[in-house]
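> Here the structure of chain D is known, so what remains is to put chain A in place on it, guided by the hints.
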Amino acid sequence: MALSELERRVSDATPDDRPGGDPEPTASAAGASAGSQRGELLGFVAHEMRNPLSTALWSAELLARLSPQDRAGARGEKLTGMSLRALQRLRLLIEDHFLAERLDVRGIPIRMETVALEAPLRAAAGKAGAKELTIAVEPGLCARADRSLLDRALEAILSIAAREHAVIVECRRAGGRAIIVIRGAPPAPGALAPLNKGSASDQTGRALALHLSTRIAESLGGALTLEDHAYRLELPLPAQGENEG
Amino acid sequence: MSSNRPVAGEREGDREASEAPLVLVIDDDGDIRELVCELLEEEGFRVTSARDGMEALRRVDEERPSAILLDLKMPVMDGATFARVLRRQPARCTIPILVITADGTEADAEAIGATGFLQKPFGIARLLSHLKAVIDGREPSSPERPAEGMDLY
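Read top to bottom, the protein sequences are chains D and A.
Our numbering puts the first residue of the first sequence at 1, with every later residue one more than the last.
Our numbering puts the first residue of the second sequence at 1001, with every later residue one more than the last.
Derived by calculation from the structure, the hints in this document are not laboratory data.
Glycine residues also receive a C-beta, built at the ideal position from the N, C-alpha and C atoms.
Hints may contain errors.
Here are some chain A residues pointing at chain D (derived, C-beta under 7 Å) [stated by the list, open to error]:
1) D1103
2) K1120
3) P1121
Calculated from the model, a selection of chain D residues having no Cβ within reach of chain A, i.e. all distances over 10 Å [as the list claims (entries may be wrong)]:
4) S36
5) E48
6) R50
7) E61
8) R65
9) Q69
10) E77
11) A86
12) L92
13) V115
14) P120
15) G126
16) E132
17) R172
18) R183
Chain D extracted, bound-state conformation (with noise of 0.2 Å):
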């Protein structure tokens, strides 16, 4: 084999070493970059789970002391309520994570589809238990979306406006998109930035929640952000001639 042919091999075996292989610096630079933003979103979930799983260790060490007479007594109920509502907390917080993981990284099947929106507010509007309730919708009005990711994010938003709030979702088209407007208590001022270690604590799972939401909003061509104290998602709209419910 010529030396020449040997170069042109190896060359073409290893573009990156090439002179002006500039696209293996940006990608590594981009990988660092989300590396780097995983790491520290995973920092968050992980200071996020000590709380509540210190507190179901505790409880069910505590029920363990207690004699089986005191166990089914009032004390034992409260321990265990404790431990319950602890181990709840974790699972959300895994799932979501897990879920915002398989988003970001190794992606999930997205199943568009053409939703009416008015069923899955309501529906995740029942799950989240939201006492008072109007929904306005736009006659007629679709989004493109993958139905079981979409209520996920709806319940997560409505369960967070709903506490402690009436909750008014409006729904209109805006801008060749479908617009979700959701009033309910007011979000925090950065509700939706970026999680990272130095977060604040949040003993609810609601910035973890809302994370996802985002990351499911981005994920669906969408976007969820704050407009004048409420959340404001953005779906696209079915294409022209598609059935609009």
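Below, chain A alone, put in the same frame as chain D:
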């Protein structure tokens, strides 16, 4: 919340021998505060609690605790700020502080003048071992394991 049961770990000269040490539990997580207070009372300590550093400073002034269990990440005033403020007060600067936190490192705890450090989650036996050690001014014993091997940390 209080208890008069005698307990090991009383610092000599601080209080009457029969009076249990008063521990101030500072954590913004209500369940954790309640559980830690409950288990410390069960172990014979007297307890008081605060949900942030600002409230904790008031508790220190009013109740003069023998030891402090301190979370770091809290609203209003975080644990690091609380510890630094406390350490600047000559009358209060020797109160032992055991940092119990979901975040942070031993170096973070040392930097704010804490006496000991535990990262959540940990078992009850380990908490008690470390708390008694900081009150007595000694190194904590190696991690204790309760009967039936329940404390894995």
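> All the hints need checking, so say for each whether the structure fits it.
A quick look at each hint next to the structure:
Taken as an interface hint, A:D1103 checks out: its beta carbon lies about 5 Å from the nearest beta carbon of chain D, inside 7 Å. Hint status for A:K1120 relative to chain D: holds, with the closest Cβ pair at about 4 Å, below 7 Å. Hint status for A:P1121 relative to chain D: holds, with the closest Cβ pair at about 4 Å, below 7 Å. The non-interface label for D:S36 is consistent with chain A: the shortest C-beta to C-beta separation is roughly 18 Å, beyond 10 Å.
At roughly 8 Å, the least C-beta separation between D:E48 and chain A is not larger than 10 Å, which violates its mark as non-interface. Listed as outside the interface, D:R50 is inconsistent with that label: its C-beta sits roughly 3 Å from the nearest C-beta of chain A, within the 10 Å cut-off. The Cβ of D:E61 sits about 5 Å from the closest Cβ of chain A, inside the 10 Å cut-off, so the non-interface label is violated. The claim that D:R65 is not at the interface with chain A is violated, since a C-beta of that chain comes within 10 Å of its own (minimum 8 Å).
Under the 10 Å C-beta cut-off, the non-interface status given to D:Q69 relative to chain A holds; the minimum distance is some 16 Å. Under the 10 Å C-beta cut-off, the non-interface status given to D:E77 relative to chain A holds; the minimum distance is some 14 Å. Remark: the non-interface label on D:A86 conflicts with the geometry, its nearest Cβ contact in chain A lying 7 Å away (cut-off 10 Å). Remark: the non-interface label on D:L92 is consistent with the geometry, its nearest Cβ contact in chain A lying 15 Å away (cut-off 10 Å).
Every CB of chain A lies more than 10 Å from the CB of D:V115, the least distance being 38 Å, so the non-interface label holds. D:P120, annotated as away from the interface, keeps every beta carbon of chain A farther than 10 Å; the closest lies near 33 Å. Non-interface call for D:G126 relative to chain A: holds, since the shortest CB-CB distance, roughly 27 Å, exceeds 10 Å. Every C-beta of chain A lies more than 10 Å from that of D:E132, the closest at about 27 Å, which supports listing it as non-interface.
The claim that D:R172 lies off the interface holds: its Cβ sits roughly 37 Å from the closest Cβ of chain A, which is beyond the 10 Å cut-off. With 10 Å as the threshold on Cβ separation, the claim that D:R183 sits away from chain A holds: the shortest Cβ distance comes to roughly 25 Å.
Against the hints set out earlier in the document, violations occur for numbers 5, 6, 7, 8, 11.
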